[in-house]
Amino acid sequence: MSNYQPELIATARDIEEVKTVAEAGADAVVIGHERYGLRVAGNFDVTAIGQAVQHLHACNKKVYVLTNAIFHNDIVQELPDYFTGLAELEVDGIICGDPSVFPILNELDVDLDVFWNPETLSTNYETLKYWETKGIKRAILSNELALDAIATIKEKINVPVEIQIHGMTCIFQSKRKLVTNYYNYIETDEQLKQDIKSKNMHLRQSNETDTHYPVYEDINGTHIMSNEDLCMIEHLQEIMDARVDSLRINGLFKSREYQQKAVALYREAIDRHQDIITDYQKHQLKQQIVTMQPNDRKLDTGFYYKEQIY
Amino acid sequence: MSTKVKKPELLAPAGNLEKLKFAIHYGADAVYIGGKQFGLRAKAGNFSFEEMAEGVEFANRYGAKVYVAANIIAHNENLDGAKEYFKKLYEIGISAVIIADPALITACKEAAPNLEIHISTQASIANWRTAQYWKQEGIPRVVLAREVSVEEIRQMKEKVDIEIEAFIHGAMCISYSGRCVLSNHMTARDANRGGCAQSCRWKYDLFEDGVDGSVNVSEEADEAYTMSSKDLSMVEHLPDLLELGVDSLKIEGRMKSIHYIATVVNVYRKIIDSYYENPENYQLNEAWVDEIWKAAQRSLTTAFYYEEPSENAQLFGKPDRIPKYNFAGLVLDYDEDTQIATVQQRNSFAKGDEIEFFGPNFKRFKQEITEIWDENGQAIDIAKHAMMVTKVKVDQPVTYFDMMRKRK
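Protein chains in written order, with my numbering: chain C, 67 to 376; chain Z, 607 to 1014.
Treat each hint with caution, since some may be false.
To be verified - Capping the alpha-carbon separation at 25 Å, the derived lysine-lysine pairs in DSS-like fashion look like this:
1. C:K200 / Z:K809
2. C:K364 / Z:K999
3. Z:K924 / C:K243
4. Z:K924 / C:K195
5. C:K220 / Z:K900
6. Z:K741 / C:K203
7. Z:K693 / C:K195
8. C:K195 / Z:K741
9. C:K203 / C:K128
10. C:K195 / Z:K969
11. Z:K765 / C:K222
12. Z:K765 / Z:K613
13. Z:K765 / C:K200
14. C:K265 / Z:K693
15. C:K222 / Z:K715
16. Z:K741 / C:K200
17. Z:K809 / C:K263
As the list claims (entries may be wrong) - Taking CB as the label site, the calculated pair distances span:
18. C:S321 / Z:Q643: 43 to 51 Å
19. C:Y371 / Z:E743: 45 to 53 Å
20. Z:E743 / C:T246: 34 to 42 Å
What the hints assert, rightly or not - A short list of chain Z residues far from chain C (calculated; beta carbon distances all over 12 Å):
21. W808
22. E825
23. A830
24. E962
25. M994
26. K999
For the record, the hints were derived by calculation from the structure and aren't laboratory data.
Cβ coordinates follow ideal geometry from the N, Cα and C atoms, glycine included.
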């Protein structure tokens, strides 16, 4: 029990950020390419992934690659080569969410750890026990779970459990180009349409003017992100009491400075929890996040303390 | 393409026992229903075990099958009772269960090993390798994600020997089904456990965020941003799926009305039968398309089957005007000699109304209501009481289970 130390994971948009978040205290970095992975912070081709592996392994840290897209026939044809390449680079895990990876990996003679992340579908321990029988090495839980449910899952399954502790979460994915479609409908000029991918955009509920849902398009379609940024820095004790193995910070749509600082603050918070941390100290850490938080992004604790009905 | 001997199954939704009977009588080979637990349509009527048993008994008379959707994405607290539930479904004579969550697959395999499992569209099966995965798991049928194209289905059929069920008609999630928690975030209602508030169809403002602040694009264009999909319809293209050997053609809509289900099932039954009667000379009959529009609630689209859906597959601005029809009456009996039908009122109708009778095998004819009598044989001008039994003079023979519709 005493040697429990949660892994701190951060996303990175490029090799530069891989280095800065590692320096700031991340134990592992999540990277990938939108062709295979969902909501990558930036696109890494295989060469760049190799550079990340080299850098991180040299400082005894891990590299996980997002390969959790909902694949169609065209991409599954590419997966054997892609997986073989990742195995050769000795990445420490591939993050998957489509069952197609199991027959593909079974046919390949490669050594790759599958971390299971089907986003919204990772919600109970029996489901994860099922995927354990398929050989997954880690269960990444859905964001729409309460902390006590997470604790129960952790108790009941054997593979390590990962949750997100900071940043925005994905709340919607469509294969359609919903932003482009909208622009086409309102008939804005071509120039504007071409700019869609370079622009930051958000949606606001027409009757809830205080809302802010980032929206963007990529190869996988349209993604809508949460109204609030998850921030669990004050609540790490409960998460660590549940012995959750890995804690992830999502830096999507945040500045490099923000992501670096967030990683450093959570590093400090986790390390302090190994000893003794006062409520005041927790509050101070939270305040540092509040200070750097963009004006239009509220902080909250997601579903970790929230009931849902159905 | 060589002619497939085996006709595909026409699979219809049934929100309650009455809808089940209409769906089957109008030509569905199978229906899918929800039980009181583990289903995604919390607001549909849903079946008790007794109602399921009656539904199975009714279906058996037609050689039809009853499937039960148990397609929630379960949380820890939802797992209790799953084994008993599946065991009970098997005992009742349910032909298959539609499941998305592997937790429920495990429970079902353990408790009712002979109960067939179909993997739900909520699992977003969009490639042949995933179909292959489920085949290797011993699953006989997968319901495809609505994002796959006709060409992709062709490839799946070529590469994997597994039954494929594909949607042909009805409402669509604009997201990958199961990969949307808008409702959870905006209303605290869990979409994947039956609480979907359809937040995608709400109105939004789209902002472009620049260094100098945000621009409200929707305000400037005076047009709300929304993500509402038109409804899927393959009425004009069904042979494209029939030629591929798709095993089950699925109609969406456990929340839909009896009129909707009877109308839509009737049309697709007719199309399938016409095609298999003579595939080489199959021709679309415009009357079938006309009939489908009588049940339509939104504009229609072929969604992902031929191309990536553009803005034309979405509902923007004012909705298109679609004439709406009511289920005005159900034919209970017919007297050949007097040409008088006994009609149970389902929505108000009156003398002088233009109505249409329709029944299985695409029977339909229009007439004016000339005479109505109440239960006591009294001539009346209007049948306004719900479920009242009336007599109506009809122009052509009708029979029990035929329906009478009236434009709203």
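Hints, one by one, checked against the model:
1. C:K200 / Z:K809: violated, 42 Å
2. C:K364 / Z:K999: violated, 67 Å
3. Z:K924 / C:K243: holds, 21 Å
4. Z:K924 / C:K195: violated, 48 Å
5. C:K220 / Z:K900: violated, 53 Å
6. Z:K741 / C:K203: Status holds; Cα separation ~23 Å.
7. Z:K693 / C:K195: With Cα atoms ~21 Å apart, K693 of chain Z and K195 of chain C stay inside 25 Å; holds.
8. C:K195 / Z:K741: holds, 20 Å
9. C:K203 / C:K128: The hint holds at about 14 Å.
10. C:K195 / Z:K969: Violated, at roughly 53 Å.
11. Z:K765 / C:K222: violated, 37 Å
12. Z:K765 / Z:K613: The hint holds at about 21 Å.
13. Z:K765 / C:K200: holds, 22 Å
14. C:K265 / Z:K693: Between K265 of chain C and K693 of chain Z the Cα gap is close to 54 Å, so the pair fails against 25 Å, i.e. violated.
15. C:K222 / Z:K715: holds, 20 Å
16. Z:K741 / C:K200: holds, 14 Å
17. Z:K809 / C:K263: holds, 22 Å
18. C:S321 / Z:Q643: 43 to 51 Å: holds, 47 Å
19. C:Y371 / Z:E743: 45 to 53 Å: violated, 36 Å
20. Z:E743 / C:T246: 34 to 42 Å: holds, 37 Å
21. W808: Given a closest Cβ separation of 7 Å, the condition is violated.
22. E825: violated, 10 Å
23. A830: It is violated; A830 of chain Z is separated from chain C by about 6 Å at its closest Cβ, not greater than 12 Å.
24. E962: At roughly 35 Å from the nearest Cβ of chain C, E962 of chain Z sits farther out than 12 Å, so the non-interface label holds.
25. M994: M994 of chain Z is indeed farther than 12 Å from all Cβ atoms of chain C, at 38 Å.
26. K999: Answer for K999 of chain Z: holds, closest chain C Cβ roughly 50 Å.
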